[in-house]
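Trainee: Listed below, chain by chain, are the residues.
2 protein chains.
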Amino acid sequence: MGAFKMRGAANAILSLSKEERQRGVVTHSSGNFAQAVSLAAQKLGVKAYIVMPKNAPQVKKNAVKTYEGEIIECESTPQAREATANKIKEEKGASFLHPSNQDEVIYGNSTAAIELLEEQPNLDIILAPVGGGGLIAGTALAAHYFSKKCKVIGAEPKAVDDAYRSLISGKIETNTTFATIADGLRTHLGDRNFPIIQKHVEKIICVEENEIIKAMQLIWERMKIIVEPSSAVAFAAVLKNKEEFATKNIGIIISGGNVDVKNLPF
Amino acid sequence: MGAFKMRGAANAILSLSKEERQRGVVTHSSGNFAQAVSLAAQKLGVKAYIVMPKNAPQVKKNAVKTYEGEIIECESTPQAREATANKIKEEKGASFLHPSNQDEVIYGNSTAAIELLEEQPNLDIILAPVGGGGLIAGTALAAHYFSKKCKVIGAEPKAVDDAYRSLISGKIETNTTFATIADGLRTHLGDRNFPIIQKHVEKIICVEENEIIKAMQLIWERMKIIVEPSSAVAFAAVLKNKEEFATKNIGIIISGGNVDVKNLPF
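Top to bottom, those sequences are chains C and Z. Residue numbers for the first sequence follow the working numbering, so the first one is 1 and each next one is one higher. Residue numbers for the second sequence follow the working numbering, so the first one is 1 and each next one is one higher.
In case anyone wonders, no lab produced these hints; they're calculated from the structure. Remember, predicted model here, so these are calculated numbers, not experimental data. Heads up, some of the hints might be wrong.
What the hints assert, rightly or not - Derived contacts from chain Z toward chain C, CB cut-off under 8 Å, selection only:
| id | residue |
| --- | --- |
| 1 | Gly2 |
| 2 | Gly190 |
| 3 | Gln217 |
| 4 | Trp220 |
| 5 | Lys262 |
Claimed, not checked - No farther apart than 25 Å at their CA atoms in a straight line, the calculated lysine-lysine pairs in the BS3-like style are these:
| id | chain 1 | residue 1 | chain 2 | residue 2 |
| --- | --- | --- | --- | --- |
| 6 | C | Lys65 | Z | Lys214 |
| 7 | C | Lys242 | Z | Lys65 |
| 8 | Z | Lys248 | C | Lys240 |
| 9 | C | Lys171 | C | Lys199 |
| 10 | Z | Lys61 | C | Lys214 |
| 11 | Z | Lys242 | C | Lys43 |
| 12 | C | Lys151 | C | Lys262 |
| 13 | C | Lys262 | C | Lys203 |
| 14 | C | Lys65 | Z | Lys240 |
| 15 | Z | Lys262 | C | Lys214 |
| 16 | Z | Lys214 | C | Lys61 |
| 17 | Z | Lys262 | C | Lys262 |
| 18 | C | Lys43 | Z | Lys61 |
We treat Cβ as the ideally placed atom computed from N, Cα and C, and that holds for glycine.
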């Protein structure tokens with residue numbers, strides 16, 4: 001379905017017992033994880049319940065329906081999403097899958113960097129965007145266990161720099177605004193991934209909104225890949241710090257194209 | 001640079017002698033072939049002169065400049081383009097490369113279908129768009145020589161159905177209008193590729209403008225690949241004839257993303 005979330009979702013469902021799979025899985029997401037769970041579940045013959053805010057864009061609902069996920073609508077608040085997911089968990093016995101703060105999801109995500117390191121074992125640095133922390137934690141584990149020298153750097157929009165501040169303060173910080181175009185990165189770190197990030201991520205680079213849009217457009221125009229703003233954040237961090245990265249072998253995880261092509265920022 | 005034209009351009013330059021390479025290459029194109037010649041020449045240490053109409057979009061000029069092609073501007077008529085290219089050919093001794101009607105370009109293009117058949121030897125049909133005829137001719141040669149059963153079908157916008165009419169009349173037909181969004185397919189067949197197409201292409205399917213746009217949007221949204229309208233024409237032909245293709249193993253050549261992302265048809 002076009003994003004790394006497929007890796008985490010597939011690994012999480014594959015980690016369930018036969019009995020658990022028969023009762024289905026549930027998640028709350030209106031983004032890539034919703035599509036990933038739907039498609040992974042479909043491929044494995046598992047029922048997927050997707051809790052989504054009523055006001056989620058139709059294009060995102062359609063994508064979930066294509067993959068046969070059952071959408072359950074709720075109000076557009078974190079409380080409503082969690083309550084609705086919990087209700088389905090209890091009523092159907094479905095297993096809850098978290099988009100970023102669950103070991104099996106983190107391990108699944110790590111395969112992106114593992115495969116990158118298999119192809120390019122000489123990397124000095126891998127950069128990945130930081131939202132809920134599931135990708136950067138998986139990437140950090142991959143670099144730690146599958147490379148002797150590769151460091152991992154996160155990239156985050158300045159407007160939602162909770163991970164940047166969390167690494168400084170030593171505890172999970174939150175954002176008071178969500179004013180970033182990188183809608184996949186408006187989430188906070190969790191208790192499963194934050195300790196991994198603290199231990200294995202070198203640092204986090206923050207980028208401005210216009211830098212994200214510029215990086216996104218450059219990827220579209222030159223690589224011909226449809227990436228959403230969230231996916232362009234790590235590349236934006238490299239463009240912003242050319243001197244720092246000029247002499248290094250750099251890998252960048254670019255993933256996720258959940259974008260409304262009728263409503264683009266350029 | 002994101003399109004099959006790279007294959008033809010690279011093969012054509014690689015087919016030149018050392019002396020010819022030293023004098024450079026010249027082509028007239030404002031599209032993918034301009035970028036392909038520029039990049040292939042840059043990689044092989046060859047000078048590339050690109051003749052382009054004055055009014056070509058800046059985004060296309062910039063792409064050529066990125067690949068170190070030297071742009072020579074001319075008036076926006078076929079006559080002016082040919083005259084300007086001929087002048088450079090004479091002045092610099094540069095070898096002229098034709099975007100579609102040259103054997104080395106056709107052979108280079110054929111590698112797309114050869115690689116597809118290596119991966120999927122069981123294909124019944126390969127579809128490709130038809131513009132100048134360089135891709136469909138190469139594809140037809142590939143299927144003829146590298147598969148026992150694979151047939152090749154071309155796809156063309158109804159608005160510029162010169163190839164469709166040429167196959168019926170047995171001679172190269174031209175268009176009186178160019179009113180298609182598939183700007184890469186506004187060109188005519190040539191004397192090198194038409195005989196190959198006559199001999200080895202099963203038929204040509206024509207599609208409407210709205211079918212092209214719909215197919216393009218579906219590729220963007222589901223495959224996350226930036227394709228230009230011309231690239232979506234073959235997929236549009238399949239969507240239009242689902243029953244005909246339903247029980248067959250189908251390969252579709254999707255290539256070319258030379259699109260102004262600030263000016264999209266959806």
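Trainee: If a hint holds in the structure, say so; if it does not, say that too.
Mentor: Verification of the supplied hints:
Hint on Z:Gly2 holds. Least Cβ distance to chain C is approximately 4 Å, under the 8 Å limit. The interface hint given for Z:Gly190 is violated, since its Cβ lies 27 Å from the closest Cβ of chain C, which is over the 8 Å cut-off. Annotation: interface hint on Z:Gln217 holds; nearest CB of chain C at approximately 6 Å, less than 8 Å. Of the supplied interface hints, the one on Z:Trp220 holds, with its beta-carbon coming within about 5 Å of a beta-carbon of chain C, less than 8 Å.
A hinted interface residue such as Z:Lys262 counts as satisfied when its beta carbon comes closer than 8 Å to some beta carbon of chain C; here the least separation is about 6 Å, so the hint holds. Straight-line distance between C-alpha atoms of C:Lys65 and Z:Lys214 comes to about 19 Å, which keeps the hinted pair within the 25 Å bound. Restraint check: the Cα-Cα separation between C:Lys242 and Z:Lys65 comes to about 21 Å, which is no more than 25 Å; the hinted pair holds. Between the alpha carbons of Z:Lys248 and C:Lys240 the distance comes to roughly 49 Å, so the proposed pair goes past 25 Å and is violated.
Of the supplied pair hints, the one linking C:Lys171 and C:Lys199 holds, its CA atoms being roughly 13 Å apart against a limit of 25 Å. Note on Z:Lys61 and C:Lys214: the hinted pairing holds, with a Cα-Cα distance of about 18 Å set against a maximum of 25 Å. Proximity of Z:Lys242 to C:Lys43 is assessed by CA-CA distance (about 23 Å); at most 25 Å being required, the pair is judged to hold. Distance hint between C:Lys151 and C:Lys262 is unfulfilled; the C-alpha atoms sit about 38 Å from each other, more than 25 Å.
Taken as a hint, the C:Lys262 and C:Lys203 pair is broken in the structure, with Cα atoms around 35 Å apart against an allowance of 25 Å. Restraint check: the Cα-Cα separation between C:Lys65 and Z:Lys240 comes to about 22 Å, which is no more than 25 Å; the hinted pair holds. Pair hint Z:Lys262 plus C:Lys214 holds up; C-alpha atoms about 13 Å apart against a cutoff of 25 Å. A threshold of 25 Å between alpha carbons decides the hint, and for Z:Lys214 with C:Lys61 the separation of about 18 Å falls inside it, so the pair holds.
For the hint pairing Z:Lys262 with C:Lys262, the CA-to-CA distance comes to about 11 Å; that is within 25 Å, so the pair holds. Distance check on the hinted pair: C:Lys43 and Z:Lys61 sit about 44 Å apart at the alpha-carbon level, beyond 25 Å; violated.
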